[in-house]
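So the chains spell out like this:
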Amino acid sequence: MYNRIFYGEVSPNIVGFADLNTAEFYILMVLTFLMLLGGVTPQIVTHYVESEYYKIII
Amino acid sequence: MLLLVVLSGCLLFVLKLNVNFVLAADLVSSNSLWGLFASDRMATFFAVLTSLLVFICVSLLGPRTYNPFFYLIIFLSLSFFLSHTFFSLNMLVFYAMFEFTLIPMFLLILLWGSRQRKLHAMYMFFFYTVVGSIFLLGGLLLFHFLTGSFIITSITFVILTANFFAFLVWTCFFFGFAFKVPIVPFHTWLPEAHVEAPTVGSMILAGLLLKVGTFGMLRFMFPGLNYYNLALSCGVFALAVFSIFYASLIAIRQLDMKKIIAYSSVAHMGLVIIGLFSLTFLGFVGSYFTMISHGVVASALFFLVGVLYERYHTRNLSYYGGLISLMPVYGVIFFLFILANIGFPFTSNFIGELLILVGITSCNIFVALCCLFSVVLPPIYSV
Chain A
1 MYNRIFYGEV SPNIVGFADL NTAEFYILMV LTFLMLLGGV TPQIVTHYVE SEYYKIII
Chain B
1001 MLLLVVLSGC LLFVLKLNVN FVLAADLVSS NSLWGLFASD RMATFFAVLT SLLVFICVSL
1061 LGPRTYNPFF YLIIFLSLSF FLSHTFFSLN MLVFYAMFEF TLIPMFLLIL LWGSRQRKLH
1121 AMYMFFFYTV VGSIFLLGGL LLFHFLTGSF IITSITFVIL TANFFAFLVW TCFFFGFAFK
1181 VPIVPFHTWL PEAHVEAPTV GSMILAGLLL KVGTFGMLRF MFPGLNYYNL ALSCGVFALA
1241 VFSIFYASLI AIRQLDMKKI IAYSSVAHMG LVIIGLFSLT FLGFVGSYFT MISHGVVASA
1301 LFFLVGVLYE RYHTRNLSYY GGLISLMPVY GVIFFLFILA NIGFPFTSNF IGELLILVGI
1361 TSCNIFVALC CLFSVVLPPI YSV
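The listed protein sequences derive, respectively, from chains A and B.
1 is the number of the first residue of the first sequence in the numbering used here; add one for each residue after it.
1001 is the number of the first residue of the second sequence in the numbering used here; add one for each residue after it.
Hints in this document: simulated from the structure, not taken from any laboratory.
Don't take each hint at face value.
[Claimed, not checked] If we take Cβ atoms under 10 Å as the criterion, some of the chain B residues that face chain A in the derived model are:
1. F1045
2. L1232
3. C1234
4. V1305
5. V1307
6. Y1309
7. R1311
8. F1350
[Claimed, not checked] Some chain B residues well away from chain A (every beta-carbon gap over 10 Å; in silico):
9. D1040
10. I1056
11. L1076
12. Q1116
13. L1142
14. S1293
15. L1304
16. A1340
17. N1349
18. L1355
19. C1363
Given the structure is predicted, the values throughout are model-derived calculations rather than measurements.
Even glycine gets a Cβ: it sits at the ideal position worked out from N, Cα and C.
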């Protein structure tokens, strides 16, 4: 197991796998963009919902 | 696809008319029972997330998909019911719309599920959700008994103080939503449902249906039940911390990739509960941010596992050593989302977890320390 993971020896079961196709790639790019956008500029969400705090506290 | 876009457009147009009409009706009679929908800032991002995930699921429709027309109908109905759940201003409508989402999910697992064990998974999913619904319905009836209204906004003006019935309402609401979030020990349906559901089913389940539980808590339990939210917060924190540690430790022992992500979702939802019940500003914002962020990250991870499953028909971790040399693009993207799942800086989960930790530190330092230690666990089961 260690050899397969860290030295790149490939399990015979997965030889011949195709990488992502175009549709899968673009879907993942959209999700990656959203994930990184949330990490870099969280104020898009936080500034928008911070006024809702009055609804949960009195 | 064109037909779908046209149908969605018509649906949104009808929905918008409905919103205007119902808001006007609400002004006339605030006690009306049905048809109360409106959008506020809290619901907006959930609606956007619903649209995004349903669009992704529909775009995965391929020539080999079993019964494509029924597949489209299921996702349109899911989109309709989930949007109405988030936009509802009436507790009964919220309850009804959430229950209706179970029907398409049930059919999705039944028709597109992968293995024979799906019947068992469906049984557990249905049983747990029905038990949670009984609690929720009981809470709604008691709430109506106390306040004379089902309107969600009325909970902002009615503060239920120390009263046995108010305690019962809190208990019913909390346990009703605890089955849906889910919190340990009410979580056993979730890994089963995830493993047996198709990829799109897991994406919707992790990205949206879990959030309905925490969103329901936000809508139903704050601020009207804040007396008990504060009084019983220690019990809730204990349950949530146990949930985080239990789910993370179980995830370490799993070999099925979907189960790892499912248990990781349980742990993240525990953190969201802690943020909400801290009743601090940063805790609230962090919880909300984590809900949205987890919706994106968990859906992407389930999608990535689905990509592998479609090619090799196994999710066993031990088969996928050395994958990066054969699928380099896939490997890099998977690694990015793993980093997001463990809360690495510059990813969206990091912001949410950080805000929750800061919020809970000002509320209960012991729980904050427990949460801090729990942050060590995701890298262990994810990497």
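Non-interface claim for L1076 (chain B): all C-beta distances to chain A beyond 10 Å?
19 Å, holds
So, L1232 (chain B) near chain A? Judge it on the closest CB pair being under 10 Å.
16 Å, violated
Should the label of L1304 (chain B) as a non-interface residue stand, given a Cβ cut-off of 10 Å to chain A?
The claim breaks: L1304 (chain B) does not keep its Cβ more than 10 Å from every Cβ of chain A (closest is about 7 Å).
If we take the beta carbon of Q1116 (chain B), is the closest beta carbon in chain A still more than 10 Å away?
Q1116 (chain B) clear of chain A: closest Cβ-Cβ about 23 Å, beyond 10 Å.
Would the stated hint for R1311 (chain B) survive a check requiring a Cβ distance to chain A of less than 10 Å?
6 Å, holds
I1056 (chain B) non-interfacial with respect to chain A [C-beta, more than 10 Å]:
Incorrect as stated: the minimum Cβ-Cβ distance to chain A is 5 Å, not above 10 Å.
Please verify that the nearest CB of chain A lies beyond 10 Å from C1363 (chain B)'s CB.
The claim stands: C1363 (chain B) keeps its Cβ more than 10 Å from every Cβ of chain A (closest is about 12 Å).
Going by Cβ atoms only, is C1234 (chain B) closer than 10 Å to chain A?
Since the shortest Cβ distance to chain A is 19 Å, the answer is violated.
If you take the shortest Cβ to Cβ gap from F1350 (chain B) to chain A, is it below 10 Å?
Holds: closest Cβ of chain A sits about 6 Å from F1350 (chain B), inside 10 Å.
Was L1142 (chain B) rightly flagged as not at the interface, with every chain A Cβ beyond 10 Å?
21 Å, holds
Please verify that hint: Y1309 (chain B), Cβ, nearest Cβ of chain A, below 10 Å or not.
Where the cut-off is 10 Å and the nearest Cβ of chain A is about 12 Å from Y1309 (chain B), the hint is violated.
Taking C-beta pairs only, is S1293 (chain B) more than 10 Å away from all of chain A?
S1293 (chain B) not clear of chain A: closest Cβ-Cβ about 5 Å, inside 10 Å.
The structure shown violates the earlier hints numbered 2, 3, 4, 6, 9, 10, 14, 15, 16, 17 and 18.
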